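Student: These are the residues of each chain, in order.
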Amino acid sequence: MLSKLNTAVVQGIQGQAVTLETDIAFGLPSVTIVGLADKSVREARDRIRPALINSGYSFPAYRITMNISPADVTKHGSHLDLPMAIGILLSCEELEPSVSARFAFFGELSLDGSLKPVTGILPMVRAVRQKGIRRVIVPMENAQEASLVDGVEVYGISCIRRIVDFLQGELCLKPLTRDLSRYEETREDDGMDFLDVRGQEAAKRALTVAVAGGHGILMTGSPATGKTMLAERVPGILPPMDLEEKLGLTEIYSICGMLDRRRPFMHCRPFRRPHSSLSRAGMIGGGAEPRPGEVPFADHGVLFLDEMPEFPTATLESLRLPLEERTVRLIRRGRTFEFPADFLLIAAANPCPCGYYGDPDHECKCSAADIRRYQKRLSGPLLSRIDMQIHLPSLTYDQVMEEGRLDSRAMREMVARARDAQTKRFRSTGIRLNCRMDGKMLRKWARLDSDSELILRDAYEKLNMDPRMLDKTVKVARTIADIDGSGKIRMDHLTEALAYRRKESI
Amino acid sequence: MIKEYKKGEAGYPEQFLDPALSDPPDKVYLEGNLDLLNTPILAVVGSRKCSPYGGAISREIGEQAANAGITVVSGLAAGIDSSAQRACLHHGGNVIAVLGNGLDLCYPAENRRLMEEIREQGLLISEYPPAFPARKWTFPARNRLITALSSVVTIVEASFHSGALKTAEFAIDQGRTLLVVPGNITSRCSVGTNRLLPYIGGGDVYPVCSVSDIFQFFDRRPTQKNRAKLGGDEKKILDAVTASGEIMVERISAVTGFSPQYVNSLVTILEMKGFVNTGMGRVFAAETE
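As given, the protein sequences belong to chains A and B, one line each in that order.
Counted from 1, the first sequence has number 313 at position 314 by numbering that gives the first Met the number 0; the numbering is strictly sequential.
Counted from 1, the second sequence has number 113 at position 114 by numbering that gives the first Met the number 0; the numbering is strictly sequential.
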């Protein structure tokens, strides 16, 4: 006979609810799976058979046909094992069909009939919830993650035998429902504070400005001046994410199996530090079934490119559109997949391959040509999307021993103040941060008074700036004024912004 | 338009007819403002790989030369050469570049924009026909033309093996005034220039103790920068900079007690007013008191 039940698959980073139909009919014993199922799904039949037999059921010696609809989207993932096994049980009337229609099923089967955790639970459960299903059965290890979806009763069950008992009413289980309070207590206390960074007060100030206005920033300086230490602490001064942002991020991490099993919720802003050998696909995402890369992983957080000139040009180039449009778009087989890409770019670079060019205490071993080649890689189109540049000085012993002055709490307050001002200002526009202002908005919200205008004109001529730098400087000045709580851009705001301009290398 | 001038023709630079130049080129190719050949000319040369100090000094020389109406000649190489030329051009000064390749080529490619600016506003000179690529030997050869064109040659930074030392040799051989910018005895970029210091007094060789010294040799004084017009805090910062000659923003902030953002903002103003130069996170005094 025919049975139907609910489950879901992942498309890109979105869940899509699907219906699994199982039909058992007379004929030569066989199992056919249709509905654009990929190899991981077609292999399921060889897992289901021993799993059912080892759990004490018989495997029907009939012609079994399974269809996963809609039939025009590709399906992949081992989580379809369980729905298929349940479908067979339903079709050979081991189970009451009316009960199972209210549930959705997810889980990979082991040959002994136990359930193994799968990836992508959160987006899939969200998808079936939208379809109106309020009860889901998932592997024990995925129960917490599934319970992040509002209005769903989650039953985490460890083996197929217990599922059957539960569905037949012989086993009573208490469902897990959403309880976000368990994630509240340990907010963002990762033990990292800007106070730990010594002797780089000017850099801390610059980073505060960068974070407040979402300005991409390039830090140059010799090794061991604290570039990485500074960047790592940036997520801690960003304002907390709202629930939708957290869930969206958790979905991405869920699909890639990057969630912590015990705390499967991304409540802190991400900090991604990819290695410079990263490929284009690793950076933005890729693959025949598109999977997100480092850029979507850094959504709402920080993407830190240490040793930026060492990255392949193609990898850096791939960041251009995401930086502009805040989204990654991949096209596969005529379908467009979109990944979110709202991140703060922090890049770090040494002044030369050996790192010590211009350092008063170390001799640089690179040739002039080496340095030129290295610095040339720093001048690509990506750099035109970076608003600020600072140089970190190498430190004397006294500076290393000096107590830091600015701490994360004070920086967080400044960022919050500036972001509040921006939220108010951009209420009716599509943007949230100063870095996204276009020419029209700049004229409207970042007016300079006549004195500042003169300074900018002077700077343009005397400091050897190009036209693009003018807009960037004004945007950064707008952010500095926001930190100051000033509606108008004052002269000191502008001159500080000028200090963060992109400089010629030497 | 690149124009070719044969030796003896009208338009051939007079400076190359000076008997001090033992092997004048038979033909030269010029493009740009030929009048610049009749202005007072200062050569600024040095290493391609310069320190932030060398970069700051050459920019300062370029700027002051522009203010004093002196034409800067150099080789358009990376480092000292192009820093001085770029600064001079951007402050409205006159620039001549002598190249080791045809005038339609650019070497190094990073200086293409600067080369085009010089083509429009200054003068490009080469003894090599168009499409002639740069070779190892063309650079020392063009150095003899740089010194021949100028009456004063300033060498800013040179490491032990720098080609700039060859230029110094040409300058002495051709009887030009040679000015040497001393550097830290610990800096590799200044080893070559510091080794020229013993020749001071032996001939027409002088040290540059202050950038404005250079212009005495042209009987000109660059327009003086007026400290009196500076604000109190600006003066404090300038004092901190001149006290050490080379200092980081971080340090200025510690010395003066001002916040880093305030220091940054005032340093920018001082830079625009021409009192300091910045490079690689460091602030340099433009001129000692």
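Calculated from the structure, these hints are not laboratory results.
If you're wondering where the values come from, they're calculated on a predicted model, not measured in any experiment.
Glycine included, each C-beta is placed from N, C-alpha and C at the ideal position.
Any given hint could be a false lead.
Once the Cα atoms are required to be at most 20 Å apart in a straight line, the calculated DMTMM-like pairs of lysine to aspartate or glutamate come out as [as the list claims (entries may be wrong)]:
1) B:272 with A:450
2) B:228 with B:168
3) B:224 with A:457
4) A:245 with A:337
5) A:115 with A:92
6) B:228 with A:92
7) B:5 with B:25
8) A:502 with A:337
9) B:228 with A:406
10) B:135 with A:337
11) B:224 with A:460
12) A:375 with A:360
13) B:272 with A:452
14) A:487 with A:460
If you only want the chain A side, here are some residues facing chain B, beta carbon under 10 Å, derived [to be verified]:
15) 52
16) 350
17) 365
18) 393
19) 493
20) 501
Partner residues are not named here, just some residues of chain A that face chain B (Cβ under 10 Å, in silico) [said to hold, decoys possible]:
21) 306
22) 356
23) 359
24) 363
25) 370
26) 468
27) 469
28) 470
29) 485
30) 486
31) 494
Student: Hint by hint, say whether it matches the structure.
Tutor: Hint-by-hint comparison with the structure:
Pair hint residue 272 of chain B plus residue 450 of chain A holds up; C-alpha atoms about 15 Å apart against a cutoff of 20 Å. For the proposed pair residue 228 of chain B and residue 168 of chain B, the alpha carbon gap of about 43 Å is over 20 Å, so the pair is violated. Annotation: proposed proximity of residue 224 of chain B to residue 457 of chain A holds, straight-line Cα distance about 16 Å (limit 20 Å). The hinted pair formed by residue 245 of chain A and residue 337 of chain A meets the criterion: a straight-line CA distance of about 18 Å does not exceed 20 Å.
The hinted pair formed by residue 115 of chain A and residue 92 of chain A fails the criterion: a straight-line CA distance of about 25 Å is larger than 20 Å. Only pairs whose Cα atoms come within 20 Å are accepted, and residue 228 of chain B paired with residue 92 of chain A is rejected, the gap being roughly 96 Å. A C-alpha spacing of about 6 Å is found between residue 5 of chain B and residue 25 of chain B, which places the hinted pair at or below 20 Å, so the restraint holds. For the proposed pair residue 502 of chain A and residue 337 of chain A, the alpha carbon gap of about 35 Å is over 20 Å, so the pair is violated.
Between residue 228 of chain B and residue 406 of chain A the CA atoms are separated by roughly 37 Å; this puts the pair beyond 20 Å, and the hint is violated. For the hint linking residue 135 of chain B to residue 337 of chain A, the alpha-carbon distance of about 53 Å lies beyond 20 Å, and the restraint is violated. Restraint check for residue 224 of chain B and residue 460 of chain A: the C-alpha separation of about 18 Å stays at or below 20 Å, so the hint holds. Taken as a hint, the residue 375 of chain A and residue 360 of chain A pair is broken in the structure, with Cα atoms around 25 Å apart against an allowance of 20 Å.
For the proposed pair residue 272 of chain B and residue 452 of chain A, the alpha carbon gap of about 16 Å is at most 20 Å, so the pair holds. Our distance criterion of 20 Å between C-alpha atoms is broken by residue 487 of chain A and residue 460 of chain A, whose separation comes to about 24 Å. Hint on residue 52 of chain A is violated. Least Cβ distance to chain B is approximately 71 Å, over the 10 Å limit. A distance limit of 10 Å between C-beta atoms decides the matter here; for residue 350 of chain A the minimum to chain B is near 6 Å, and the interface restraint holds.
Proximity of residue 365 of chain A to chain B holds as hinted, the smallest CB-CB distance being about 8 Å (cut-off 10 Å). At its closest, the beta carbon of residue 393 of chain A sits 9 Å from a beta carbon of chain B; the interface hint therefore holds under the 10 Å criterion. A least Cβ separation of about 8 Å between residue 493 of chain A and chain B falls short of the 10 Å threshold, and the interface hint therefore holds. Hint status for residue 501 of chain A: violated, given a least beta-carbon distance of 13 Å to chain B, over 10 Å.
Annotation: interface hint on residue 306 of chain A violated; nearest CB of chain B at approximately 18 Å, more than 10 Å. For the restraint placing residue 356 of chain A at the interface with chain B, the shortest Cβ-Cβ distance is roughly 8 Å, inside the 10 Å limit, so the hint holds. The interface hint given for residue 359 of chain A is met, as the beta carbon of that residue sits about 8 Å from the closest beta carbon of chain B, less than 10 Å. Checking residue 363 of chain A against chain B: minimum C-beta separation of about 8 Å stays under 10 Å; hint holds.
Given the 10 Å rule on beta carbons, the hint for residue 370 of chain A holds: about 6 Å separates it from the nearest Cβ of chain B. With 10 Å as the threshold, the beta carbon of residue 468 of chain A stays out of range of chain B, its nearest partner Cβ sitting at about 13 Å, so the hint is violated. For residue 469 of chain A, the suggested interface contact is broken, since its CB lies about 14 Å from the closest CB of chain B, more than 10 Å. A distance limit of 10 Å between C-beta atoms decides the matter here; for residue 470 of chain A the minimum to chain B is near 17 Å, and the interface restraint is violated.
This hint is violated: residue 485 of chain A has a C-beta 13 Å from the nearest C-beta of chain B, more than the 10 Å allowed. The beta carbon of residue 486 of chain A is not positioned within 10 Å of any beta carbon in chain B (closest approach about 19 Å), and the interface hint is therefore violated. Given hint, residue 494 of chain A at the interface with chain B, holds; its Cβ is 4 Å from that chain's nearest Cβ, closer than 10 Å.
Of the hints listed earlier, those the structure fails to meet are numbers 2, 5, 6, 8, 9, 10, 12, 14, 15, 20, 21, 26, 27, 28, 29 and 30, in rising order.
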